[in-house]
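Note that the protein sequences, when read in sequence, are chains A and B. Read in order, the letters of the first sequence are residues 1 to 477 in the working numbering. Read in order, the letters of the second sequence are residues 1 to 477 in the working numbering.
Please note that a few of the clues may not be correct.
It does not matter which identical chain is meant; a pair holds if it fits inside one copy or across any two.
[Said to hold, decoys possible] Listed below are the simulated BS3-like cross-link pairs for lysine-lysine, each with C-alpha atoms no more than 30 Å apart in a straight line: (1) Lys333 with Lys53; (2) Lys122 with Lys328; (3) Lys130 with Lys281; (4) Lys3 with Lys240; (5) Lys98 with Lys31; (6) Lys98 with Lys201; (7) Lys31 with Lys130; (8) Lys31 with Lys122; (9) Lys122 with Lys79; (10) Lys281 with Lys53.
In case anyone wonders, no lab produced these hints; they're calculated from the structure.
There are 2 protein chains.
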Amino acid sequence: MEKLPDINQNFAEWYQEVIYQAGMIDQSPVKGTFVIMPYGYAIWENLQAVLDKKIKETGTQNAYFPLFIPESFLKKEAKHVEGFAPELAVVTHAGGQKLEEPLVVRPTSETMIYYMFSRWIKSWRDLPYKVNQWANVVRWEMRPRAFLRTTEFLWQEGHTAHATHAEADDMAKQALDIYKFILEEYLAIPVISGIKSDSEKFAGAHCTYTNEGLMPDGKALQMCTSHVLNQSFSSSFDIKFQDVDGQVKTPICSSWGFTTRTIGALVMTHGDQAGLVMPPKIAPIQAVIIPILKADADKALVLQKVEYVKQMLTQAGMRVVADLDETKTPGAKFYDWELKGVPVRIEIGPKDVEKNQAVLVNRVEQDKTKKKQFVAIDGINASLEKLLFDIQINLFESAKKRLQAKYFEAEKMTDFGPKMDSENGMYQVGWCGDAKCEAELKAYKATIRCLLNEQKHETCFCCSKLSNVDVVVAKAY
Amino acid sequence: MEKLPDINQNFAEWYQEVIYQAGMIDQSPVKGTFVIMPYGYAIWENLQAVLDKKIKETGTQNAYFPLFIPESFLKKEAKHVEGFAPELAVVTHAGGQKLEEPLVVRPTSETMIYYMFSRWIKSWRDLPYKVNQWANVVRWEMRPRAFLRTTEFLWQEGHTAHATHAEADDMAKQALDIYKFILEEYLAIPVISGIKSDSEKFAGAHCTYTNEGLMPDGKALQMCTSHVLNQSFSSSFDIKFQDVDGQVKTPICSSWGFTTRTIGALVMTHGDQAGLVMPPKIAPIQAVIIPILKADADKALVLQKVEYVKQMLTQAGMRVVADLDETKTPGAKFYDWELKGVPVRIEIGPKDVEKNQAVLVNRVEQDKTKKKQFVAIDGINASLEKLLFDIQINLFESAKKRLQAKYFEAEKMTDFGPKMDSENGMYQVGWCGDAKCEAELKAYKATIRCLLNEQKHETCFCCSKLSNVDVVVAKAY
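Put together the whole structure using the sequences plus the hints.
Below you can see the structure in the form of structure tokens.
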């Protein structure tokens, strides 16, 4: 395999290469779509398991809605169709015939799901109504990038209807909090949470909440969003309920999604020159055991110990494999498993068997002194658990420090704008709220990533009038 | 809600009604597609959990392949395209433009996956190569029936490549055995396993194995299949590997799928006049607790006990809900939960609280004497577990008896053919192997469901020549 491109010099190429070399993804014959290979898909499965549990805890139930949506449905919500029309894939023929009405392959399911809600919701007793689906969606992508921008991607989409705006708003915030929890606690990616400006919000939303990450190249990445839709879709699809007071009302809806894009964020946030680095909580493989064989005479004993350790760790609930391939040297194996970002390597050789010990090697290299440690096999469960725990914490802390190092306070666009090439990052500034000022950021290829809760800056970054709100400005993926 | 149609007189209408009334499914605005509602989807999730584990135990890894397949790919395997062409949905426009090459929405993924295999498989060391995906597929359906025949359905599709025919054959058989295990042990549906005749096998397969169920109306239902594809796809997509002996060879492939159709089979197999009956192992809700309140004075104590029992059973790993709706009478609740087929109802009233007991009511009515039992709350975990276990066994045994009662040995088509209207069922007969004899069954709207391993009959059901193999003949869904 070819050496990975320099991560500091050519971050974009490094990203493109590492995901292929590590076996996470492959190109498909259809432009813009990708094959998520087993090592990439296992991360998605781990994410699904934790996120699905959290979603169910909110009282949301899973369901499944059709892939195809009548084209006329999209058109019922004016802003929605305006936003999605350029990205639609359209089925015009099926069953050997031209269809009377073309069918759109869902780019998101608001229109289908809120149509169904109109059949199901009749009374305040039916509210809140909360469903979620795990599904594939299609948005035609002119400049595809694996995981980050793909014509087809996987996600969950939650859709809810509520009697009041406050409840729908709480739901959207709760979803964003759950996403932040998964991102920070599992993927070890720190995020800035806020609200999208009107020009960046979801097509059809009243308000879009967002979690924004900062990648090592200083570009922001929108990780996931949740929306308060108000009555845009519930009016268009005629959802009505009889309230406690007997009046017929229109519910307030929310929707929220978490996608395979987060796998791309994971790769970028933690990877290094040797390859991927997987946070232990989400790693498909948490530790790989590699037998160190020199003389044939040692083989049986070493392999026996390797098997014993593997069984023990597996029974303790850790995801462990043993690499017993006899056609490869230990060095070649080290290289492969570092490329895949397995957090811990366990080496067992004849001397280790003698001493009933093993060597634990930490994939993360920032603290060389702690990189290798000898541990007793009798206590290896606890040793590995402790090391995995530490790695998880350290990855998050390192990522947080990197974010902080690239998070700047600034005042005037004319000052920070020109710096954004050399000192790329997030700039917290004041904003008057005028879309014209926001549009001026195009000159620096930057955008408002989100509006913040706190207010530190008194004047707008552009017009110098009074600021209404602090915002985060950055170049973005 | 309207009364369910008579299950004995109008089985088809009963089926159509019960799945809607029980909240499993709803019609969608796109013909042939359906919404799987939470109560239906929960069954699929339970099936996924057990089946996914079994699939992984075979060394198969999950991955995800694109929804869209270039139209030219389908055409690479002549029989495959011939079989699927009439059912394809085709995307002709995307991203606001007409596509140069139309894209087919996958009806199954052999062509995409084996194309990818040709990029991944190089050496005998890569074999066997085993992947599986959980996905939606689309086959345009002119006569849709919820769960049983739908334009879009959910499934898993496993695809494997092997160095030898024997290995691929073993894999296909192993998949069929896993399916049979899930069907019989979880869904409590007995099946007859066998091989499809050439005219009924999968388009592009060398050999198709099948599990066939028999529904209460005497019609057979193909539950799921597995295929030995030989080199049909591996040749078409140019998959090559260097074998141990240095020679370049073409691998033998297998594929196998299990779909949401099995939920329809579950409904038909166990349902009764009162509604669904859920086998406990797969039931979304295994028991529902209903407080029996008469005087307001009892309320607090009864509800406290209901909550206590719910907590205790939930902690013991059982799926239990309490129905505390105060706008409904206990009788109305009994009706609703019987309709949903929850295997056990737990009633707790003031007298039960006094005696520290609860009433367990078995949803399955065949043995009235055992329908109701009083159990001590102190031992309710064990009592409920035992009852759920018994119900699971009894459902399977009952279904098996019904199958046996409609499984006939027969000799000549002219004898059993005319009987198939009044005595619908499976007929085991001898067959010479000639497709012409098979075609004669059309006169009775019957087909060969599968070829069996055993041979009891000496002459062909049609031509009376020597029989090559015993087959099962039935009308089918």
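Against the structure, the hints come out as follows:
no.: 1; hint: Lys333 with Lys53; in the structure: between (36 Å within a copy, 28 Å between copies)
no.: 2; hint: Lys122 with Lys328; in the structure: between (65 Å within a copy, 17 Å between copies)
no.: 3; hint: Lys130 with Lys281; in the structure: both (28 Å within a copy, 26 Å between copies)
no.: 4; hint: Lys3 with Lys240; in the structure: between (60 Å within a copy, 27 Å between copies)
no.: 5; hint: Lys98 with Lys31; in the structure: both (25 Å within a copy, 14 Å between copies)
no.: 6; hint: Lys98 with Lys201; in the structure: between (36 Å within a copy, 29 Å between copies)
no.: 7; hint: Lys31 with Lys130; in the structure: between (35 Å within a copy, 25 Å between copies)
no.: 8; hint: Lys31 with Lys122; in the structure: between (44 Å within a copy, 24 Å between copies)
no.: 9; hint: Lys122 with Lys79; in the structure: within (27 Å within a copy, 50 Å between copies)
no.: 10; hint: Lys281 with Lys53; in the structure: both (15 Å within a copy, 20 Å between copies)
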